[in-house]
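Given the sequences, and given the hints that come with them, work out the whole structure.
There are 2 protein chains.
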Amino acid sequence: MPTSSRVTIRDVAALAGVSHQTVSRVINGFERVNPETRQRVEAAIAQLDYRPNAIARSMAQGHTSTLACIAPNLTDFTFASIIEGAETEARRQGYFMITASASEPQAFATLIEQLVGSRRTEGLLVINPYIDNRYEFLPANVPTMLVGAHARDLTSGSVMVDENDAGRMATQHLLDLGHRRIAHITGPLVEDCTQDRLSGYKAALQAAGVAFNPDLVIEGDWSATSGYQSLQSLAEREVQFTAVFAQNDRMAVGAIRALREMRLYVPDDVSVIGFDDMPLASYFDPPLTTVRHDVFCTGCEAMRLLIQAFEHPGSPPQQVLLPAELVIRHSTKFSKEN
Amino acid sequence: MPTSSRVTIRDVAALAGVSHQTVSRVINGFERVNPETRQRVEAAIAQLDYRPNAIARSMAQGHTSTLACIAPNLTDFTFASIIEGAETEARRQGYFMITASASEPQAFATLIEQLVGSRRTEGLLVINPYIDNRYEFLPANVPTMLVGAHARDLTSGSVMVDENDAGRMATQHLLDLGHRRIAHITGPLVEDCTQDRLSGYKAALQAAGVAFNPDLVIEGDWSATSGYQSLQSLAEREVQFTAVFAQNDRMAVGAIRALREMRLYVPDDVSVIGFDDMPLASYFDPPLTTVRHDVFCTGCEAMRLLIQAFEHPGSPPQQVLLPAELVIRHSTKFSKEN
DNA sequence: ATGAAAGCGCTAACAA
DNA sequence: TTGTTAGCGCTTTCAT
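As you go down the protein sequences, you meet chains Y and D in turn. Residue numbering for the first sequence follows our numbering, beginning at 42 and increasing consecutively. Residue numbering for the second sequence follows our numbering, beginning at 42 and increasing consecutively.
Fair warning: there could be bad hints in the mix.
[What the hints assert, rightly or not] Computed list of chain D residues with no C-beta within reach of chain Y, every gap over 12 Å:
no. : residue
1   : Q62
2   : R132
3   : D206
4   : P229
[What the hints assert, rightly or not] In silico contact screen, one side only, chain D against chain Y (beta carbon under 8 Å); selected entries:
no. : residue
5   : T105
6   : N114
7   : T116
8   : I124
9   : Q134
10  : F137
11  : I139
12  : T140
13  : A141
14  : G158
15  : R291
16  : V294
17  : L321
Because the hints were derived from the structure by calculation, they are not lab data. All C-beta atoms, glycine included, are put in the ideal place defined by N, C-alpha and C.
Pasting the structure below:
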């Protein structure tokens, strides 16, 4: 069995005693081929270990069967899971996926230009498109799905968690435990998911008849350090609270660290709820109560819609909201004030 | 400015009043082009917003400028970091990278076949190639770099941490603190890095004149759960130890959880050292002493060598060992027995 | 049901 | 320095 794949359709044709076109028909599963001819061709393909050249096929067909996924980075657990979901779905449907990270808008712009300008890819999956205004560089002429943000004019749609409901759910959990002064550490305010979670927080407070206090809200940047610093800032301003809702688990962990340094124990003195249910969330001290969402599934769904948008141009933009669920562990507890 | 990129080299040629070949020369930065002609061509390119079609170029040149990276999954922090490093280096050198995960050998084989058989990619970066015998499916006719394992015959080389030295270093740290009975939770024994770290462990013991005790060694599977279970197994067998060296941080965290349930406190009763310095390692309780290695850099280096292997066929296989460093936090302490 | 011809957009080789 | 001619390996059209 020859190991080289430099065998072409013509070699197969010659061996089978047919035209190269007939070989093409067999490869592509065309119906109108004489069964006997088909067999001869298939035998020749097997004998020569022929495999079609994807590039030549792309050239002739005018499309590449390749999609791209761009994230601010590849190591954030939620991004990585989205990518894994997207890649799995892409391959399930016969596409390959180029993965790339762009940490800042200029790199993002260059990347888009290379990917789309060269017609290397049929569509784009963009994770977190609203940090540092990078959405300004989104292309208009290529199917584009957004993950973790709402769709804008020129996109084919978006997939995100029902952030509003998730934020409401987290806050409600703390309210149910009797907490009334709930500090809220958000992500960067420019991101859609931050705003939506904040809306959910406000909605839950309002429904419970608790006045919204802006002093309790602090903007973080998703890092554990920012969670830590947010708590310090609260303490410096002598803001009173009995619970903390952090918009991700890393900030929650940072907050817990800061609280401990202030000799405040979680959950006895202060309750803390996170968001994401990151790996090992249950291994922190205390095991983290959090909001779980299926981020692998988010990636699958986004890719599914991207492929749909590519294969059926002109179909209306899709906006998908995925559900989240509360995971109660040991970082939240009844308020002592009750 | 036309937004469509369906403009071809011939359109540019027509507008500039030259042959398409001259346009090709300008695009490719060929020297021997009359400066004035060049300017006319560049003006035409700008006017038509022409961008070369990467697929056509691949077709004509016979190569794709695309590499592939395959990992068991995309969410493991070390894999994700390697991928990020590899992708960054690839793009820096003008290549794109297809990323894919294959959780089991059959999926791996299929993936390789699709990627390589179709001649879609110039080379392969394979992360953790020795789990479940997937290395059997490595292709012989394409440059292949291994990450996290030693190179075998048919590969172009490998990049990994100096695992032996790292294992020795971790063990030595515990020995320096006076520990003599050091439990060792390994990764799967089929993996090279597991074996090397184990060798380092043995070497350090031997150098310190401490007899190797096989009862102290337990095979884990990298998961926190396996770290937890390993400790339980040790306890059930009533094996005595004052310190634990876990081959990754997740297992270390699991071990700490198990110890706590046995009312043994880290580091007062038992010291624990991990491996990897995963994100938030410093946020666990207690903050984890561990062995840090630059995993992004590992990815960069592997990609650099892969591209080298592709661009200079016939050059000898490279074997790179990267250094690791000890990070001392609060999960290790002097042995009480001293 | 099969084959011949043309062409996808580019580069390589040769000619002028 | 520039243009012409051939392809890269495949699919698409149009004959047969």
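Notebook entry, point to check: Against chain Y, is R291 of chain D within 8 Å by beta-carbon distance?
Noted result: holds, 7 Å
Item checked: Assertion that D206 of chain D lies farther than 12 Å from chain Y (Cβ) -> For D206 of chain D, whose nearest Cβ neighbour in chain Y is about 25 Å away, the distance exceeds 12 Å, so it holds.
Notebook entry, point to check: Holds or violated: Q134 of chain D as interface residue toward chain Y, Cβ cutoff 8 Å?
Noted result: At about 13 Å, which exceeds the 8 Å cut-off, the nearest Cβ of chain Y leaves the hint on Q134 of chain D violated.
Next item on the list: Hold the hint about T105 of chain D up to the distance rule: shortest CB distance to chain Y must be less than 8 Å.
Entry: This hint holds: T105 of chain D lies near chain Y, its Cβ roughly 6 Å from the closest one there, short of 8 Å.
Notebook entry, point to check: Can we keep the I124 of chain D interface hint, with Cβ of chain Y closer than 8 Å?
Noted result: Check passed: Cβ of I124 of chain D comes within 6 Å of chain Y, closer than 8 Å.
Note to self: Take the shortest C-beta to C-beta distance between A141 of chain D and chain Y; is it under 8 Å?
What the structure shows: Hint holds; A141 of chain D Cβ to chain Y Cβ min 6 Å, cut 8 Å.
Notebook entry, point to check: Does the CB of G158 of chain D sit less than 8 Å away from some CB of chain Y?
Noted result: Status holds, d = 4 Å.
Next item on the list: Grab the minimum beta-carbon distance between P229 of chain D and chain Y and tell me whether it stays above 12 Å.
Entry: The assertion about P229 of chain D holds, with a minimum of 19 Å to chain Y.
Check: Holds or violated: L321 of chain D as interface residue toward chain Y, Cβ cutoff 8 Å?
Finding: Hint on L321 of chain D: holds, closest Cβ of chain Y at ~6 Å, below 8 Å.
Check: Are all beta-carbon distances from Q62 of chain D to chain Y longer than 12 Å?
Finding: holds, 19 Å
Checklist line | Interface hint for N114 of chain D, Cβ within 8 Å of any Cβ on chain Y | finding: holds, 6 Å
Item checked: Assertion that R132 of chain D lies outside the chain Y interface [Cβ separation over 12 Å] -> Non-interface label fails for R132 of chain D: nearest chain Y Cβ at 7 Å, not farther than 12 Å.
The structure shown violates the earlier hints numbered 2 and 9.
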